[in-house]
Amino acid sequence: MQMPIPNAAVLDKKQHIVHRLLTVLPKEAVISDPSQTRAYECDALTAYRCSPMLAVLPSDTEQVSDVLRICFEEGVPVVPRGSGTSLAGGALPTADCVILGVAKLNDVLETDYDNRLIRVQSGRTNLSVSGAVEEDGFFYAPDPSSQLACAIAGNIGMNSGGAHCLKYGVTTNNLLGVTMVMMNGDVVEIGGSHLDAGGLDLLGVICGSEGQLGVVTEATLRILHKPVAARPVLIAFDENEVAGACVADIIKAGVLPVAIEFMDRLCIETSENFAKAGYPDAEALLIVEVEGSEIEIEEQLEKIIAIAERHNPVELRQSNSEEESAKIWLGRKSAFGAIGQISDYMCLDGTIPVSELPFVLRRIGEIGEKFGLRVGNVFHAGDGNMHPLILFDANKPGDLERCEEMGAEILRLCVEVGGCLTGEHGVGVEKRDLMFDQYNAEDIEAQLHVKDVFDPKWLLNAAKVFPLTATETRRNAS
Amino acid sequence: MIPTSELELVEAIKSTSEPVRIVGGGTRQGLGNTVKARESISTSALTGITLLEPAALTLVVRAGTPLADVQKALDLENQQLPFEPMDHRALLGSAGASTIGGVVACNISGPRRISAGACRDSLIGVRFVDGSGNVVKNGGRVMKNVTGYDLVKLMAGSYGTLGVMTELSFKLQPKPAEVATIKIHDVDDVTGVAALSRALGSPNDVTGTALVDGTALIRVEGLPKSVKYRTKALKDIFASQNVSVENDPVKSNGIWAAVGDVSELAGCRGDIWRISVKPTDGPVLVAKLRAAGIDLKVHYDWGGGLIYLRVNDDLNLRDHLAGFAGHATLIRGTGAGAIAMPPQNALVAKLETGLRAKFDPRGILNTGIMG
Chain E
1 MQMPIPNAAV LDKKQHIVHR LLTVLPKEAV ISDPSQTRAY ECDALTAYRC SPMLAVLPSD
61 TEQVSDVLRI CFEEGVPVVP RGSGTSLAGG ALPTADCVIL GVAKLNDVLE TDYDNRLIRV
121 QSGRTNLSVS GAVEEDGFFY APDPSSQLAC AIAGNIGMNS GGAHCLKYGV TTNNLLGVTM
181 VMMNGDVVEI GGSHLDAGGL DLLGVICGSE GQLGVVTEAT LRILHKPVAA RPVLIAFDEN
241 EVAGACVADI IKAGVLPVAI EFMDRLCIET SENFAKAGYP DAEALLIVEV EGSEIEIEEQ
301 LEKIIAIAER HNPVELRQSN SEEESAKIWL GRKSAFGAIG QISDYMCLDG TIPVSELPFV
361 LRRIGEIGEK FGLRVGNVFH AGDGNMHPLI LFDANKPGDL ERCEEMGAEI LRLCVEVGGC
421 LTGEHGVGVE KRDLMFDQYN AEDIEAQLHV KDVFDPKWLL NAAKVFPLTA TETRRNAS
Chain S
1 MIPTSELELV EAIKSTSEPV RIVGGGTRQG LGNTVKARES ISTSALTGIT LLEPAALTLV
61 VRAGTPLADV QKALDLENQQ LPFEPMDHRA LLGSAGASTI GGVVACNISG PRRISAGACR
121 DSLIGVRFVD GSGNVVKNGG RVMKNVTGYD LVKLMAGSYG TLGVMTELSF KLQPKPAEVA
181 TIKIHDVDDV TGVAALSRAL GSPNDVTGTA LVDGTALIRV EGLPKSVKYR TKALKDIFAS
241 QNVSVENDPV KSNGIWAAVG DVSELAGCRG DIWRISVKPT DGPVLVAKLR AAGIDLKVHY
301 DWGGGLIYLR VNDDLNLRDH LAGFAGHATL IRGTGAGAIA MPPQNALVAK LETGLRAKFD
361 PRGILNTGIM G
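These protein sequence lines map, in sequence, to chains E and S.
Residue numbers for the first sequence follow this note's numbering, beginning at 1 and rising by one.
Residue numbers for the second sequence follow this note's numbering, beginning at 1 and rising by one.
It is possible that part of the hints are untrue.
Covered by chain S, according to a simulated footprint, are these stretches of chain E (three or more residues, beta-carbon under 8 Å) [claimed, not checked]: (1) 264–271; (2) 288–297.
Derived, one-sided and incomplete: chain E residues facing chain S with beta-carbon distance under 8 Å [unchecked claim]: (3) M1; (4) I5; (5) I70; (6) N115; (7) G192; (8) D201; (9) L202; (10) G208; (11) H225; (12) T422; (13) E424; (14) Y439; (15) V453; (16) F454.
In case anyone wonders, no lab produced these hints; they're calculated from the structure.
Note that the Cβ used here is the ideal one computed from N, Cα and C, for glycine as well.
I would like the entire structure built from these sequences, with the hints used as guidance.
See below:
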């Protein structure tokens, strides 16, 4: 992984920068000792590590503004960091950067049930946003797998999804407004408690901009009343293709489940050995979840089961209790952990048109054979967001590189069939160099225009998202 | 100019040295600030559905395609655009056939915006030609996509100022099998909006919440048993009020089409303002305007957060909105010389100006329409 050469002039004035930061932050909020900055050397993409020059932990918007203004004046690169759970290396430091962590910004500022919104500081974790309103029967819908740890700031940066976005949408569909600090320290309010922008939809382009346009310090989020109940059904097939066809038929029939999850044989077996959820011996397994009152759940399940039965499932397991529902989900929720027990793995995130599922699954199998690596598939089938898990041995020289090469080939396949490189994890550094496989030079240039306007000196997280060759002139001009 | 292909559109933009007005079907020409341009570019020849894949809930369509054609094609598959775009013709007194590109350019949504999101939320991909004649694509045809910046959202509601859209992709929705409307009669604004808030804050998946002529309207859609169940649940919530239910789907659809199109204000004389605020601020704001002696007729949608006002006096309504977060647009009339589109604060305006300068450096596309 190539990263820009650290700016020697910036490294040379480290002490001066520390001194200036200490004029706006308390001592404990400025981390400069290399033994401590190492804690920030990577995020959840642990294959790449680099200690930052400094890390700072401001505790309000004003402090974030002061920090960014100083870094702007000194020409210091800044990498914003939520909770560090990015699978794409979105928070990977450069050696000459200041890591700006929002971990101390974790207050709830306002809950408003009449208007169905909550305003929080951006370092608050995803799950604790729902936690703040669940006693009153409400929840925040986007539910990335890392929701226990991941911060709203990172969710906004990556436009995070989750298992239930088939019904509720992703972060951008649930974000009403932000307070954002620009790289020069200006504080801008965009959106709020009303719907839709009066001018250009800046909120729309900020969400998913991977911390490159500004640092979001506060967010207004849409909350919803919890459904009365939810219930999954497990449907197992002896062919991937049939499972794929079943997904298409369910969607076409006009039922919109909240989630349709898919697991292939490797994932079924591995998670079964690990979690003992009682999964059947099958090639493919779907978990379809519906929500509502008892009568509504039954009405939807009736339709789904009728469709599934036309595809001759090897097993169709309904849940009769909370415990049985939990057991159906157990294997799926344990899948990543279970794979992690048996091997190192790389998790991909390409999205494909749902109709291409059978073809893509077959091709992934063939690509795995070509590279001599095993691959498991566990993903959100309803929206085509795949998560192929490529198994490799991190201690075996050359295996990581082979795995990355294979990952790139799978992602190119996703693009070829009309999909994209990443559905919910973000580009980060991980998929940065594949961007030209999806977009041509003009497409990329249009995106760079946006960065030019928000961060003209290209200091914010500038080594991410776009191939370095495409941004070199701009980064070096600053 | 009426380019018949994206390539011709590129040529048209590259070869012009003058400001141009971007035209779709012309039904929403009255929206936005006045554009000073002698030339126009029409998307009316860029038509046709490129891809309709019901099993993936996906539609890809060229920008000049009439909305009616899109809806007809979706009807055959029992699917729909989730955001229920409103028809502006009666309100603006315009004629013609709305295009899907025009809907996107103005980010037009209807009553279902409250549950299914705005036009911008269903839009998943876009192709456009920017002000320099570059063809740009962003997003694609899959509903989960975080590959690079989301220019799709930026283009929705950009009124053609960043580029002329040529092709659009949408996430679709199955058409509901049933629909019912719960009516709460004889409510004042405060009680009515409170009822809408209560419905939206319940677990009943409400897909429409309006307050028109003293009647609060609440819509539920879905499978038959589910609609029946939720209708009863909502009736029970408002049992102490004067409640009736419209179970006839044709009549219900008529009610919501009229809500979306703001039909009851269309025939009125006077200015029409459109205001977006926090829902509970809606009745407070209206009471304040009434207290100031302004002659109003009011239409609430989106749980009270979207307000259409017919104002008989010639005045700039924005002078009376201090203290309310949100924005006000002059849809029709003179507004005592007010500009139509809401002005932005200095920092946001600077970002918008910066973006326009990048996407349209010569400043020729619908110049000034947004401010």
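Evaluation of the provided hints:
1. 264–271: Not satisfied, violated; 0 residues make the cut.
2. 288–297: holds (count 4)
3. M1: violated (18 Å)
4. I5: Violated - the Cβ of I5 of chain E stays beyond 8 Å from chain S, reaching only about 25 Å at its closest.
5. I70: violated (19 Å)
6. N115: Holds. Min distance 5 Å.
7. G192: Given a least distance of 5 Å, the restraint on G192 of chain E holds.
8. D201: holds (5 Å)
9. L202: Check passed: Cβ of L202 of chain E comes within 6 Å of chain S, closer than 8 Å.
10. G208: holds (5 Å)
11. H225: holds (5 Å)
12. T422: With a minimum Cβ separation of about 5 Å from chain S (threshold 8 Å), the hint on T422 of chain E holds.
13. E424: Result: holds, 6 Å to nearest chain S Cβ.
14. Y439: holds (7 Å)
15. V453: Check passed: Cβ of V453 of chain E comes within 4 Å of chain S, closer than 8 Å.
16. F454: holds (7 Å)
This entry does not satisfy hints 1, 3, 4, 5, going by the numbered hints stated previously.
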